[in-house]
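Protein chains in written order, with my numbering: chain R, 1 to 541; chain W, 542 to 1082; chain Y, 1083 to 1355; chain D, 1356 to 1628.
One or more hints might be untrue.
Claimed, not checked - Partner residues are not named here, just some residues of chain D that face chain W (Cβ under 8 Å, in silico):
(1) 1364
(2) 1472
(3) 1473
(4) 1486
(5) 1489
(6) 1492
(7) 1549
Claimed, not checked - Calculated from the model, a selection of chain Y residues having no Cβ within reach of chain R, i.e. all distances over 12 Å:
(8) 1087
(9) 1098
(10) 1109
(11) 1122
(12) 1123
(13) 1128
(14) 1158
(15) 1249
(16) 1262
(17) 1315
(18) 1329
(19) 1346
(20) 1348
In case anyone wonders, no lab produced these hints; they're calculated from the structure.
Note that the structure is a prediction, hence the values are computed from the model and not measured.
Using N, Cα and C, we set each Cβ at its ideal position, and we do this for glycine too.
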Amino acid sequence: MEFNVLIGGEAGQGMFSVELELTEILSRLGYHFFATKNYMSRIRGGHNYHMIRVAERPVHALSGKPWDMVVAMDSAETERRHRPALREGGAFIGADRIGQLEAEATKTFQDVTVTSTLLTGLILSFIGADPAAAQAVAPDEPARTALAKGREFAARWGLEGPRSLSPKAGDHCKLDGNQALALGALLGGCQFVAGYPMTPATSILHYFSAVAPEVPVHFEQAEDEIAALNMALGASFAGLRSMAATSGGGFALMTEAVSLAGMTETPVVVIDAQRPGPATGLPTRTEQGDLDFVLHAGHGEFPRVIFAPGSVEEAISLARRAFDVADRWQIPVFVLTDQYLADSVQVMEGRVPTKILRRETPVFGAGYRRYEITDSGVSPLTYPGLSEARVEIDSDEHTEDGKITEDIGLRARMVDKRLRKFEGLRQEAVMPTRFGDRRATTVLVSWGSNRLIVNEAVEALRAEGIAVSSIHFGQVYPLTPPMARGLARKRLICIENNATGQFERLLRRELGLKAAHRILQYNGECFTVAGLVERVRKILG
Amino acid sequence: MEFNVLIGGEAGQGMFSVELELTEILSRLGYHFFATKNYMSRIRGGHNYHMIRVAERPVHALSGKPWDMVVAMDSAETERRHRPALREGGAFIGADRIGQLEAEATKTFQDVTVTSTLLTGLILSFIGADPAAAQAVAPDEPARTALAKGREFAARWGLEGPRSLSPKAGDHCKLDGNQALALGALLGGCQFVAGYPMTPATSILHYFSAVAPEVPVHFEQAEDEIAALNMALGASFAGLRSMAATSGGGFALMTEAVSLAGMTETPVVVIDAQRPGPATGLPTRTEQGDLDFVLHAGHGEFPRVIFAPGSVEEAISLARRAFDVADRWQIPVFVLTDQYLADSVQVMEGRVPTKILRRETPVFGAGYRRYEITDSGVSPLTYPGLSEARVEIDSDEHTEDGKITEDIGLRARMVDKRLRKFEGLRQEAVMPTRFGDRRATTVLVSWGSNRLIVNEAVEALRAEGIAVSSIHFGQVYPLTPPMARGLARKRLICIENNATGQFERLLRRELGLKAAHRILQYNGECFTVAGLVERVRKILG
Amino acid sequence: MNRHDIAWCPGCGDFPIRATLEKVLRELPVAQKDIVLTSGIGQAAKMPHYLPYSYFNGLHGRSLPLAVGIKLARPDLTVIAVSGDGCHYGEGGNHFLHTIRRRLDITILVCDNKVYGLTKGQSSPTTDLGMKNALDPQGNQNTSFSPLAVALVAGAPFVARTFAGDPQHMETVLREAILFKGPSVVDILQPCVSFNKVNTYAWYRERIYRMEEPQKDRYEAIRLAEGWGDRIPTGIFWRDGQFICREGKEMFRRHVTESAVARLLNKPCIMMR
Amino acid sequence: MNRHDIAWCPGCGDFPIRATLEKVLRELPVAQKDIVLTSGIGQAAKMPHYLPYSYFNGLHGRSLPLAVGIKLARPDLTVIAVSGDGCHYGEGGNHFLHTIRRRLDITILVCDNKVYGLTKGQSSPTTDLGMKNALDPQGNQNTSFSPLAVALVAGAPFVARTFAGDPQHMETVLREAILFKGPSVVDILQPCVSFNKVNTYAWYRERIYRMEEPQKDRYEAIRLAEGWGDRIPTGIFWRDGQFICREGKEMFRRHVTESAVARLLNKPCIMMR
Ligand SMILES: Cc1ncc(C[n+]2csc(CCOP(=O)(O)OP(=O)(O)O)c2C)c(N)n1
Ligand SMILES: Cc1ncc(C[n+]2csc(CCOP(=O)(O)OP(=O)(O)O)c2C)c(N)n1
Ligand code: SF4
Ligand code: SF4
Ligand SMILES: [Mg+2]
Ligand SMILES: [Mg+2]
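The task is simple: from the sequences and hints, build the whole structure.
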């Protein structure tokens, strides 16, 4: 039993308010839900839509099934586009009804924006939420009144409680992907963030500027992305775990500084929140098109690690880990996310970890050598101003004490030292996660944000009697042979939100794994469970 | 029979003058020779050395054999470093002798810089060059006098004619790799170059600024590399075949504009003259470390072609072709070179092609659609100002007439259209060149500047009775199955100037070819024939 | 142009700018086909999509190097770069400085709403010190950028300010800027109804006054251009009648010939030391 | 420091700059360990290698964002960014503008030889109009960049010029610049014996005069800063005694606590609309 609603309209017509208010109350009532949105690159007008799925078990994807309800805040576009996907007997709230709600909002509350609360009340009524409980968790008195009025409208229009959903989520919190990354960064000890606004990364920056008054972190808005990553490197050199967050186009401008991080062995984390490219592309939609780019970004050769979380839990844990790995190995670490994960609000059950990772700062004497050649490739790292130890950092090839050198023998030893870190990094690689019946010969392979869509598809296929399992790579680089264990003889179907199958090619190059099939999507939309099931069925059938 | 000389000293002590004067006369005399240099990233001081090889057959690599002569313009460093590699009985021209030459230059010519001409005369005498012929090709009277004086010194020091080399090059010209690329660009119809100085690409820019007064081309020095590539895109949009040239660090700054070229389908050529990275690295040395980076540069997915010439002939022909491919397919095309090829002066026998490639500009009416969807993926290309046809170019995803769109169906069709060009590009891919006995089971694989070093090593190995052949990829992307023909069952040894075997991995990913061995070098120096032979011998046991 | 196709908010200052620009361009003594617009990314940068001219809508911050490339390649074209304050002064700040220095005949139009509009209201370089917004909840800590004063010291020979709420004035200023031979900069005060609740039409109307003519003294022009607060001057601050514009080279359709290449080949080697 | 280890040409103006900077830093009322230098790439950018302080020698053009990151992370450190004219005004021009705007206590030193030295003599932003060199055989076509005037209109509260040939003057100016609380800019006229055959020691000696004190009027300071030719003023053009410097936040070794994270988790969602 579940409920799927789409709320569409022009940018600025209040759909986002409905999503925020509804998900907040759903969360407080203890419902399982999932919410995501498709929006255009404009501030007013156009056509945006928010999709909310409420269920009695954890849901972390769009079902792709016909809508139980479509709400059209605009006059025609939502109806034209989405009413055809309304299930038979589903509820359509169109312009006339919205008009009545707006009239009510204006009349009773002298504030047309209260329409969103009326709609929230109406929808809660539609799913059969307990009115008293809803009243109890409403933020304030006017909201309570408005929710009640919303219920009245539901009753008046015969939309009262046709679905009867129970709240079954336990102790939980609700997070979108970017909040989860920001939280993970905090837990990883991140104290300095620099960035330049860019959808869909901006809300990570917002998080840090919002919490800065309360915790010892700083967000600096840079003049451009080049400055952003260089600032983060400066702050890292000075002693703070640091990061920059951006999207592909901004990341392109950071690639020289990525190489600088590699050469100077300055720990730093970069989040690339992907959107469809090339160039400006579809600035507010989703894609997984930057894997190859991030993997090879920066001139020259140096070690790096790339994570691509597939859930809010993983966003927290991998972002946290990213800072730890960057700091311990003194390398740039990347986190790949995308607009879909960034803008999806999800219920996360269980406790959020609050243990913060950090490292004691060693203090050295005057003979300190920043680039001492060691077996692991990792040199002692400290910060300026703590002792007589001078911290000397150089972007040219350098001696162990950070002076420019053109000694070719030393050059080769320094390359070896830096690349030697790969050995350790491989040993502590994060293994992929498996889901479903491991005996199934077909394995759906995913990375990044598709994980839980794929897993739900695995369940749906199993329900149809089709045996498949899945594997998800939360660490996409380096890939290590143990990750491939048991996969060589499977029929692999690689699922990616891009047009060329970037991860599939990487599997071939790094692990010698050949996928039998690819399911690719590159129109800017995320996969839905139903859509994916359909495509897998087509391949298998 | 050949002659190898090394001329070392501090930056600014005149070694480059000796190289220039000597190679100019050698060329006019019709000698086969090869000259290259190792220099530091400074203007005065330090230790630089120029190496010249003169032979009776075409030579295009350093032999790696002991020197026949070492000339030390400095007091100690050249002697300390290079005298140990002087062959037994070889000539050493040290500080005392240089002092005598300088005294002569000052006394007879009132100009200490004439020392380089004296040395030129001395060396010519050493290789037994015909004095009369040398006099005849000397640039002017003082040079003639100085060459004669140089011969006198050779006689005085017992260095006269111990080697007797004959000039055997036919009709030829002498070029370094960057001149060859610039010339190829001119032949490819390039009329606009933008760049920001960066070793080892700067001399490409110099070429264009030097010829601009004589031919209809323009060089613009940009404020940074971001501006450089965007200027080139502007000029291309306006109707000129255009390029930007830089090295890895500057290229990093161009990656966003590379993606812009991909999205807007604006023809452009980018030359990356590689040097050792990461970051500033060794700014004046050589490496092939940017292949992965250039191959995946720019966010999002779009077609591209990468050439990596392995000789001056190929530098001309592939640079020329790059402009043609970029223009016909409306894509960014890359040429990878490196400091070694850029700074090596070589004899090119045979006629330089002078046929210039160009394309007639079609003129369209008012209904012109810049991004018309076609079977080949190529849309009609024209320029603003020629007719009523408006040329509308957009970095967002766009409609066929260049307007921003967020239509997801159209988005997918546009991605398909752009990527469809790969089909045609694969069909006209430049096949690799083979050298040596094809029946040999061992094949040395190279790309870019190593080609002729490898080929000479193949010859040397065959002379020792070791059967190997070689294959060189002048086009490194896309790689197509016909390129792999006959290679699957060979024992491949991949030879690269980098630390991670980037091309070897690409062969694995793209063609499923696995190299049995890799010979890598990443200390900033080029391979020598002897060095390579030694390493191949070690592998073959 | 169907108003509904335009992706701006109703009431946005970009609408009157567009209308005026359309009129000025239509009436310009230049053939429609010879006008080319470049822009970056942002709300203002969508402008070329709503005007009937060839355009290159490029990357955020990069409208100016595109314009430079076009002008150098095709001196016959009239080149206008139009974008927002974030685009021209923030991401594109280096190009702003150096494009002016190039002395080319390029018109730089800035729809200055003192905010990053398209990304939802963050501080731009021209945002006032202390202004609060989502990314600057404590208030913008940076000195506000004075674009016209910077343009003046960078050597711009034509520097002006106008106001989206004064179409008549805009029309004169834009026309003069485009007709001026040399790099001209016009900062257009543009209310953003969605994110800038301070610098509104009304706010500007209370403060703005028209300067009748350009200043005679460049330093007086700088002083006036920096002025902000109760009295905000609009008009042409500076116009250098003596300015010598760099002329591009005619290259389009004048190809390099084979004999020229042969000539070059016979010259001694061009080699950099 | 062994002179032989220094990669500059004998006679280069960078030598006296280094010597003076070493003296000034040694005598500064700041512990040696608390001084940090940043630089970009170029001849001047090698400076930190020849001084006994912690440094981050980063990318060409990017010394300033490094300095900003350091100063924000560690307000306790004295941060000095030193690089060439190409680095600070060319590749790094955008950071030059915006670092000044950030109101942080960072000293920006520019070894201005009016040429790209390390890459062998191409035009830099400060190269005079018409100067010829290898990449500009017809003569530089760009208006020469007036760095101090730009710094002034960008809001720099401390702006000065000194001369590598006048160590005494350098010493005073550099000391004051470093001690000034706020972004300070010093353009140091630096002869390049290898590539700039015009602006030599002798050329400067004929033209330079010392201003005794900063200007009272900012526009007068701008006018003087722009002046070039027969008479070239050195000294402090402008010093804003009223300037309010932005103070960084103490964060180093003050970690986010677990209880603080728990508190944040209990707050309503921070979500961007
Ligand atoms: C490299 C890059 N960084 C960031 C962005 C995101 N971005 C798009 S528009 C914009 C700001 C626009 O502000 P402005 O130029 O003032 O234009 P407005 O929307 O206010 O008209 C930003 C930061 C981008 N597209 N590209
Ligand atoms: C991104 C990038 N572009 C270009 C270069 C090459 N480069 C190194 S130094 C330099 C110019 C240096 O000029 P300046 O900053 O004035 O320093 P100077 O050598 O004159 O002291 C250039 C262009 C580089 N290292 N990185
Ligand atoms: S956000 Fe502001 S600038 Fe953008 S369209 Fe709306 S009103 Fe105009
Ligand atoms: S090239 Fe010029 S700036 Fe560089 S070290 Fe030599 S003299 Fe100094
Ligand atoms: Mg704006
Ligand atoms: Mg300089």
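Taking the hints in turn, this is what the structure says about them:
| no. | hint | result |
| --- | --- | --- |
| 1 | 1364 | holds, 4 Å |
| 2 | 1472 | holds, 7 Å |
| 3 | 1473 | holds, 7 Å |
| 4 | 1486 | violated, 12 Å |
| 5 | 1489 | holds, 6 Å |
| 6 | 1492 | holds, 6 Å |
| 7 | 1549 | holds, 5 Å |
| 8 | 1087 | violated, 10 Å |
| 9 | 1098 | holds, 17 Å |
| 10 | 1109 | holds, 30 Å |
| 11 | 1122 | violated, 9 Å |
| 12 | 1123 | violated, 6 Å |
| 13 | 1128 | violated, 9 Å |
| 14 | 1158 | holds, 28 Å |
| 15 | 1249 | holds, 22 Å |
| 16 | 1262 | holds, 29 Å |
| 17 | 1315 | holds, 27 Å |
| 18 | 1329 | holds, 32 Å |
| 19 | 1346 | holds, 32 Å |
| 20 | 1348 | holds, 37 Å |
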